[in-house]
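Using UniProt numbering, you'd call the opening residue of the sequence shown number 1 and step up by one each time.
Fair warning: there could be bad hints in the mix.
Pairwise CB distance ranges, derived in the manner of DEER restraints [what the hints assert, rightly or not]:
1) Ser-216 - Thr-385: 47 to 55 Å
2) Lys-280 - Glu-44: 36 to 44 Å
3) Asn-68 - Arg-140: 25 to 33 Å
4) Lys-280 - Lys-478: 51 to 59 Å
5) Val-380 - Gln-726: 26 to 34 Å
6) Gly-154 - Thr-385: 32 to 40 Å
7) Arg-651 - Ile-71: 55 to 63 Å
8) Ser-122 - Gly-69: 36 to 44 Å
9) His-678 - Asp-620: 31 to 39 Å
10) Gly-69 - Glu-223: 29 to 37 Å
Simulated crosslink set (DSBU-like; lysine-lysine; CA at most 35 Å straight-line) [stated by the list, open to error]:
11) Lys-129 - Lys-281
12) Lys-530 - Lys-671
13) Lys-151 - Lys-745
14) Lys-303 - Lys-209
15) Lys-129 - Lys-209
16) Lys-217 - Lys-119
17) Lys-648 - Lys-745
18) Lys-507 - Lys-671
19) Lys-151 - Lys-281
20) Lys-366 - Lys-614
21) Lys-184 - Lys-507
22) Lys-151 - Lys-67
23) Lys-745 - Lys-525
24) Lys-614 - Lys-525
25) Lys-653 - Lys-614
Please keep in mind that the hints were generated in silico from the structure rather than gathered at the bench. For glycine and all other residues, C-beta sits at the position ideal for the given N, C-alpha and C.
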Amino acid sequence: AYIRGSQGIAYIRGSQGFEQDTREKKNIPVLPRYIASGWIKISEKIGRNPMLDYSDCVLDNWERLDKNGPISMDNLRLLSRFTGVVDEEHFFKTHVIIESEASPVIEALQRAFECIERKDTSGLMVQFKSLETCLFRLTRTCLPIMFASTKRDGALCDYYIFFHQLRPLIKTWTVIYDGFYDNKPRRFMGPSGAMSSVLPCIDILLGVKMSSIRLSKMLSAFEAYIPSDHRDFLVNLRRKVNARDYVSGLKSTEPHLVYSFNSIIDRVLDFRWSHFQFVKKYVIEQAPKGTEATGTGGTPAFKYLHQHITDTEEARIILESSTPIFQPSQAAQAEFLIPKIDLAQDSIETPQGEARGNQWEIERQKFWKVGTNGFLCAVVPPIWTLQTAPESCKVLVILSRAMPNACVANGPFRAMVEGRKSEMIAFAESLEDLNVTEAHTACSLLAYIQAGYKASGYARNDERKDEDSVELPDWISKPFRKLAEKLDRPARVSYLDLVLLNWHIQKDDIKGRTADRGPTRALMKEGRIKIVHRFLAIPVEQWFWGMHVAIEGEATDAIRAISNGLQAIRKDDILEFTGCLDALAQGIRSIIGCHPDPYPHPSRAELVLMRRLKGFIAPDDTLRDLACFVYSGHSAILPALFKFLGVKRGRHKLQIWRDNSVKFMPTEHRKFIGVIEHSMSARAYLKTLTLQQRKTRRRLHDVAVLEVSFNRCIEQLLRFCSRRSQLVCRCVPQEAQWFREVQMKKEAEHLTRSHCALLIGRKLSGAPTPALAPSVPTAALKAFVKTQQMKDSPDIRKRESVGAPIRVKRRSSDQSEGSLIY
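Generate the whole structure from the sequences, applying the supplied hints.
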């Protein structure tokens with residue numbers, strides 16, 4: 001049932017972007033018959049609805065790591081899950097613990113009914129005490145597990161991740177099951193704590209009545225989703241005399257029973273209020289403003305819980321003020337000491353090997369040809385399945401698919417990899433049979449697998465220590481290093497695997513068209529850029545890496561402008577070079593446009609994503625290193641722009657990171673950077689033109705226009721760096737102050753100083769210039785020059801982010817050659 005349910009959920013939620021208004025009447029999704037048929041038949045056989053429910057996610061979805069050990073957080077793992085984040089694991093495991101610890105509650109409850117049936121008041125008193133103690137334990141010891149945190153992961157069940165990443169997968173839906181239910185929409189509730197049988201049993205014992213007809217109907221509807229044995233158990237309990245009716249008849253003669261009964265009411269209220277605080281934090285506060293927060297079961301969370309709390313309070317038995325109240329002795333209380341649950345927290349150098357064979361080298365160059373798809377690979381990366389992957393590489397497909405599910409918490413990914421040792425050895429023996437595309441895909445999958453292998457090895461540790469580092473077995477590391485050397489790439493997971501090789505373009509389902517070029521900003525906005533391999537399998541991961549795929553793909557225009565600009569410099573063609581700079585400014589603007597608005601609820605989304613990813617992509621790096629990675633990754637975009645424009649190198653950490661990142665790039669990217677580095681930069685060319693203006697007799701207007709175009713590129717680059725800085729501060733807020741006030745300040749200073757005011761300096765130095773148009777008074781020009789000189793001073797730049805360049809408009813066709821328009 002869980003497997004079929006997971007397929008159904010994945011099909012519907014994946015196709016509609018994880019969102020659906022359950023009250024929507026139009027565009028109701030259809031579940032294909034090949035999924036619906038088996039799911040419905042299995043559900044009917046076990047007496048449940050064709051929907052993933054509480055039983056699938058909690059009651060039947062766990063196992064002990066140590067078969068002889070206790071049911072505890074550090075000895076449990078989920079059998080199945082949707083994502084690869086620890087938050088899902090922790091959320092459902094907490095419910096498993098609550099259900100397990102509720103066992104004494106059910107035992108005491110059954111014995112209490114037996115005592116009522118025998119009219120055994122003393123025995124009932126003992127069971128009341130036992131029940132009160134067990135409920136106290138559930139409330140004060142088990143529920144707080146949900147809010148547990150570690151130094152490494154922060155909150156183990158983060159509010160944002162639960163509401164925006166997990167909840168959309170498991171919430172109530174309305175779906176048409178093709179070929180069933182007369183092809184009419186059916187609404188089924190998602191898994192909810194209200195589908196647990198624990199509190200309904202207690203409500204029956206205590207005689208809690210539902211004052212709201214709507215609430216009563218909801219609770220009855222939830223019972224249709226619990227296992228049939230549980231339903232039968234509840235039906236049998238309802239046939240018996242409840243404790244409230246029995247104790248109410250004895251309140252004048254047995255007031256101590258009334259006191260104990262009301263104490264149980266207090267414990268239930270304590271549980272419900274604690275649960276309400278959980279719902280408030282994880283659901284109500286996370287819901288968009290102006291909307292009614294609903295639980296995964298589709299109930300209005302605030303109204304539902306408050307009404308249930310009120311009805312529970314109404315179940316109290318009121319005693320007369322003169323009735324003596326029995327106070328349990330210290331000895332009696334000592335029988336029910338509550339033990340605490342133990343919340344154990346432990347739960348490059350780039351190889352430069354030569355390519356073998358000229359054909360291999362040609363194919364590798366084609367694969368990474370710069371400019372075809374920006375800085376992405378020029379060939380669309382294949383999506384391997386068990387049917388399409390080379391026979392020897394199928395083990396990589398199996399392991400990479402299992403990673404999000406098996407790496408989380410104390411998952412069995414390492415054991416799964418080691419269980420495939422013979423297949424991995426066979427793969428290592430067939431490396432020579434792979435072509436360039438297959439080799440790149442296999443090496444990238446190996447990078448993911450080795451990162452997951454190491455990360456799962458640290459799953460039970462808060463902090464990573466050198467002596468605890470996980471060593472890769474030779475049968476993993478050797479083929480990885482061999483492939484990496486052959487492909488001239490780093491032997492570790494890098495930006496190359498996360499972005500440059502990790503994409504495909506989804507076909508337009510509405511118009512049936514395919515993309516005529518690689519990933520672009522337009523395709524990103526249409527939601528058609530998809531990443532292939534993931535560590536976490538959550539939407540924010542798709543958003544983050546998909547954005548970077550679009551950025552790298554959109555760099556095509558900037559790459560073309562740089563290449564044409566280098567040729568224009570060699571030809572000494574000012575007009576052509578000016579056009580290249582204008583195209584470059586537009587290209588940078590396009591890249592900036594790929595940075596969408598912050599992900600919904602940005603204070604949590606990017607932060608939690610980086611927390612969860614760090615163990616995979618940067619396990620041994622500091623948060624400051626991670627901030628630098630978010631800023632520029634191992635992308636060639638910033639190094640290429642800085643070197644082409646001639647921005648002066650600094651000594652700050654961002655510059656050092658940028659220099660070191662080159663060795664993680666594909667060979668063709670490094671060559672492209674090398675060509676730029678050994679060519680004259682745009683700023684150096686502009687400076688040369690200005691200094692030689694008298695000798696070459698170039699038109700002042702042409703040089704001035706070129707200077708304006710250059711400054712426009714610097715301004716766009718400043719904007720791009722600013723957008724990257726904003727992303728860093730959202731992803732790594734712990735280092736936001738350091739990054740913004742130290743690193744980004746230095747970066748901005750170097751960019752600002754790269755602005756050109758060379759013609760102004762030429763004029764001030766007394767160099768002769770062509771005659772100006774009569775419409776420009778000499779005094780006005782001198783005043784303008786003085787203003788520009790002041791703006792170019794360091795003191796002024798401290799107060800202004802950009803020094804103002806000369807403002808020049810292009811000469812129209814009917815104006816004389818020597819005229820300038822300011």
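Task: Assessment of proposed distance window 25 to 33 Å (beta carbons of Asn-68, Arg-140) - done: At roughly 28 Å between Cβ atoms, Arg-140 and Asn-68 fall inside 25 to 33 Å, so the hint holds.
Task: Pair hint outcome, Lys-745 versus Lys-525 [Cα-Cα no greater than 35 Å] - done: 31 Å, holds
Task: Hint consistency between Lys-653 and Lys-614 [alpha-carbon to alpha-carbon, up to 35 Å] - done: 19 Å, holds
- [ ] Quickly compare the C-alpha distance for Lys-217 and Lys-119 to 35 Å and report which way the hint goes.
- [x] The given pair, whose Cα atoms are some 33 Å apart, holds under the 35 Å limit.
Task: Straight-line alpha-carbon gap Lys-151 to Lys-745, limit 35 Å - done: 30 Å, holds
Open item on the list: Given the hinted pair Lys-530 and Lys-671, is their Cα-Cα distance within 35 Å?
Closed with: 28 Å, holds
TODO: Given the hint of 32 to 40 Å, check if Gly-154 and Thr-385 actually sit that far apart at their C-beta atoms.
DONE: For Gly-154 and Thr-385 the Cβ distance comes to about 36 Å; the hint holds.
Task: Ser-216 versus Thr-385 beta-carbon gap, inside 47 to 55 Å or not - done: Given about 49 Å between the Cβ atoms, the range holds.
Open item on the list: Verify the CB-CB distance for Ser-122 and Gly-69 against the hinted window 36 to 44 Å.
Closed with: 37 Å, holds
Open item on the list: So if I understand the rule, the pair passes when the alpha-carbon distance is 35 Å or less; does Lys-648 with Lys-745 pass?
Closed with: 15 Å, holds
Open item on the list: Just to be careful, I want the Cα atoms of Lys-184 and Lys-507 compared with a cutoff of 35 Å; is the pair within it?
Closed with: Satisfied, since the Cα-Cα distance of roughly 29 Å is no more than 35 Å.
Task: Satisfaction of hint between Lys-671 and Lys-507, Cα-Cα up to 35 Å - done: Status holds; Cα separation ~33 Å.
Going through the hint list in order, the structure satisfies each hint without exception.
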